[in-house]
Amino acid sequence: MTAPLLRLDDLRASVSDGHGERKQVLHGVNLTVAAGEMHVLMGPNGSGKSSLAALLAGREGCEADGGAAQMDGEDILALAPEERAARGLFLAFQYPVEIAGLSLTVFLREIYNRRREREGEAALDPMSFMRVLREEMAALSMDPALTRRAVNAGFSGGEKKRLEVLQMALLRPRLALMDETDSGLDVDALRIVSDAINRHRDGGRGFLLITHYSRLLAGLDPAPDYIHIFDGGRIVRSGGADLARRLEEHGYGALSEVA
Amino acid sequence: MARITELLSLSESAPREAREMVLPSASLEGWRWSGLRRALPATPFAATDGSTGTVTAPKLSNVFSSMTETVLVDGHLAGDNNGGDVDGRRHINSDSDGDGNGRRHIKGDNNGGAVRRHINTVMDNNGGDVDGHRHVKGDSDGDGGGSRHINILRDDKSETFETVARNGEETPFPALARTLATHPLQITVKGEIKTPHSIRLVGTSANTAAHHSLNTELEKNASLHCVITSEAANNAARLVNSDCRFHLREGARLRLLILENEAAQCFRTSRIHFTLAANARAETFLITRGGAFQRLEIETDLADNGAEFHIGGAHALSPERQGEIALRVRHLAGDTLSRNRFRAAVGANATHNFQGRIEIIPGADNAAAEMESKSLLMDESAKSRSKPELEIFHDNVACSHGVAVSPADADVLFYLRSRGIPLADAERLTVSAFLRQIFPAEHNDEFTESAKSRVESFAGMVTETETVKGQSS
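Those protein sequence lines, which keep their order, are chains Y and L.
With my numbering, letter number 73 in the first sequence gets 73, and the count goes up by one each step, no holes.
With my numbering, letter number 279 in the second sequence gets 279, and the count goes up by one each step, no holes.
Isolated chain Y, as found in the complex (with noise of 0.2 Å):
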């Protein structure tokens, strides 16, 4: 039998709260994602959603304290992130980082060819990988310009999502945890990223798709198969793609009873 792509038993993490103390942010965390599903994570500010996508990516200061979480029937919090990243775990930040100084066009090319050569492919010199970085910024809507900043440098709310989608694109992961890749966008760029994560769906991959809001999901297509509505540290309902239109009308309190 074949393992699933990410399974998540009784897992339970704390961050440090920068006075020393530790605060428990998961209290047992149980979640099946099987290669070509997406499932959604939906819950109220505080609920412990982000903290779920940086334990999973590797995040220092965001430890385990028990349970487990597996990538293909490996213990993934044992990793590096570096390592998790090359077992095709990919986490588009919530709050993209700026690197001043750090070309962009320098830092794609340095991920794409990283991922290539992993993947067993030659590296692409710098030209063709100008042109395959320019055919993914044209499915973004995204201003070639940018290619000539650093990293996040002067980018806008949105650019810095569009950004997250594009490395999505170059990297090609097998589970692609998006930490609510929807906020700050506007509503056309909302559906240009609908539209990119639909272009890299397929039965190979899964999403774990974090966000606050129905409207992403408005524009997901097929639509996602498991909404779990997240709430102290854990997952109290799960269902399918109707919970969410539910939870739009009656909000997370008349929802968030354990199922």
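Everything labelled a hint here was simulated from the structure, so no lab data went into it.
Do not rely on the hints blindly, as some may be mistaken.
To be verified - Which chain L residues stay away from chain Y? Per the calculated CB distances, all over 10 Å, these:
#  : residue
1  : HIS76
2  : LEU77
3  : THR208
4  : GLY306
5  : LEU337
6  : GLU359
7  : LYS387
8  : GLY420
9  : ILE421
10 : PRO422
11 : THR448
Claimed, not checked - Partial pick of chain Y residues on the chain L-facing surface, computed with a CB cut under 7 Å:
#  : residue
12 : ALA57
13 : ARG59
14 : GLU82
15 : ALA86
16 : VAL97
17 : GLY101
18 : GLY239
19 : ALA241
20 : ARG245
To be verified - Chain Y is nowhere near these chain L residues, computed Cβ spacing over 10 Å in every case:
#  : residue
21 : ALA303
22 : GLU320
23 : ASP335
24 : ASN349
25 : GLU380
26 : SER381
27 : LYS383
28 : ASP409
29 : ALA426
30 : GLN437
Glycine included, C-beta positions come from ideal geometry on N, C-alpha and C.
Chain Y is fixed; fit chain L onto it per the hints.
Using the frame of chain Y, we list chain L on its own:
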């Protein structure tokens, strides 16, 4: 002859002289932050391995595909010394007259017997002359006569190492360099020199002391791209001491790239002095790895209206290294501009010091100055001390300064690693990105790109422990 004997003796005893003399404190509080006193007892130019070698693969050579080049190996001119002049003078006429061949024509003899020999390089863009002597200024035989525009080594006995060091605002090393330079260089530039001129200070031998003196004069509206590299071909531990002066006359343009890749045990001191006349513009990039001890003194006089000085300095300090910059920019006239931007990436147990002072004199109306020094500490044991100063004696000016010292941004490192970049490479990229902030965003010409590539190559060394001969890392 007595004078020669005296100089030779001084060369050999220079380290001891430096230790014993009272270091001056008139300039930038002198050596207050300096690690010199601490470093001197273990001077790296004490014997290490005694090896010597040839310049086989200098690390910083071939900065540009074509350029004229002057090479000094262990303080001595390398090149064709078999010319036919019999007058005891040395003339180097750089052929930069637009024919694109980038060749120099070296003439001269080497039999003068004096310990010092002046080298005059005259570059012009006027073509026509075939004798190569048309623009040589004055004599070069050290007798003090002739009509040189700038005397790089006065034979006036009043200007000796000790008197200059003690009477002037200079620290002792520039005077020492001028006094002991075996082959002082003088470059006079006329017109626009399109081919970059390279001056390479190469060290091949451990346990040596090399003193360099360079005096460059750009005449009215002249333009020059110049690259000065200082490198140890065989990881040679040595003392390298240089004094460089750039005098830009009205409307002159200078682009200067200084690259230093000295051995971990190198003891490096240098002073660079710029004087800019009206509407002259100097742009300098300084990229260095420091050494066992390194102190760079940069002094700039914006002497007349419209003069502009831009400098970007990057220190990539590998573990255990030390690097120090003392900057002083004087706005001596109105409508002058200086932009001074420095970055230092500091490895484990490395130390970085920065002292910067902007001075604006009374009457320097509409002067503008910016000074910024930021340090990136790549280890808890790394140290950086920065001290910016503004001395403003006029009201209608615009001045700013800023200093920051911080560890590597954990969020940036995580972001890079989450994209599949291993920690060591993420740190290298972080350092490189940080140091590249010295370059103006809009600059992407060959000169700047070449400088950027050097930053890339140095960036990876900041977190790498070096293997020093005789030690295990």
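Status of GLY306 of chain L, Cβ more than 10 Å from any chain Y Cβ: For GLY306 of chain L, whose nearest Cβ neighbour in chain Y is about 30 Å away, the distance exceeds 10 Å, so it holds.
Beyond 10 Å from every chain Y Cβ - status for HIS76 of chain L: At roughly 39 Å from the nearest Cβ of chain Y, HIS76 of chain L sits farther out than 10 Å, so the non-interface label holds.
Separation of PRO422 of chain L from chain Y, once the least beta-carbon distance is taken, above 10 Å: violated, 5 Å
Minimum beta-carbon distance criterion (7 Å), GLY101 of chain Y to chain L: Since the shortest Cβ distance to chain L is 3 Å, the answer is holds.
Interface-negative label, ALA426 of chain L against chain Y, beta-carbon threshold 10 Å: Given a closest Cβ separation of 8 Å, the condition is violated.
LYS387 of chain L non-interfacial with respect to chain Y [C-beta, more than 10 Å]: holds, 24 Å
Least C-beta distance between GLU320 of chain L and chain Y, which was stated to exceed 10 Å: At roughly 25 Å from the nearest Cβ of chain Y, GLU320 of chain L sits farther out than 10 Å, so the non-interface label holds.
Interface hint outcome for VAL97 of chain Y [beta carbon to chain L under 7 Å]: holds, 5 Å
Restraint check, 7 Å cut-off on beta carbons, for ARG59 of chain Y near chain L: holds, 5 Å
Verdict on ILE421 of chain L as a residue remote from chain Y, using beta-carbon distances over 10 Å: With a cut-off of 10 Å, ILE421 of chain L comes too close to chain Y, as the shortest Cβ separation is near 6 Å.
Interface-negative label, SER381 of chain L against chain Y, beta-carbon threshold 10 Å: holds, 20 Å
Hint validity - ARG245 of chain Y Cβ closer than 7 Å to any chain L Cβ: violated, 33 Å
In this structure, the earlier hints numbered 8, 9, 10, 18, 19, 20, 28, 29 and 30 are contradicted, and the remaining ones agree with it.
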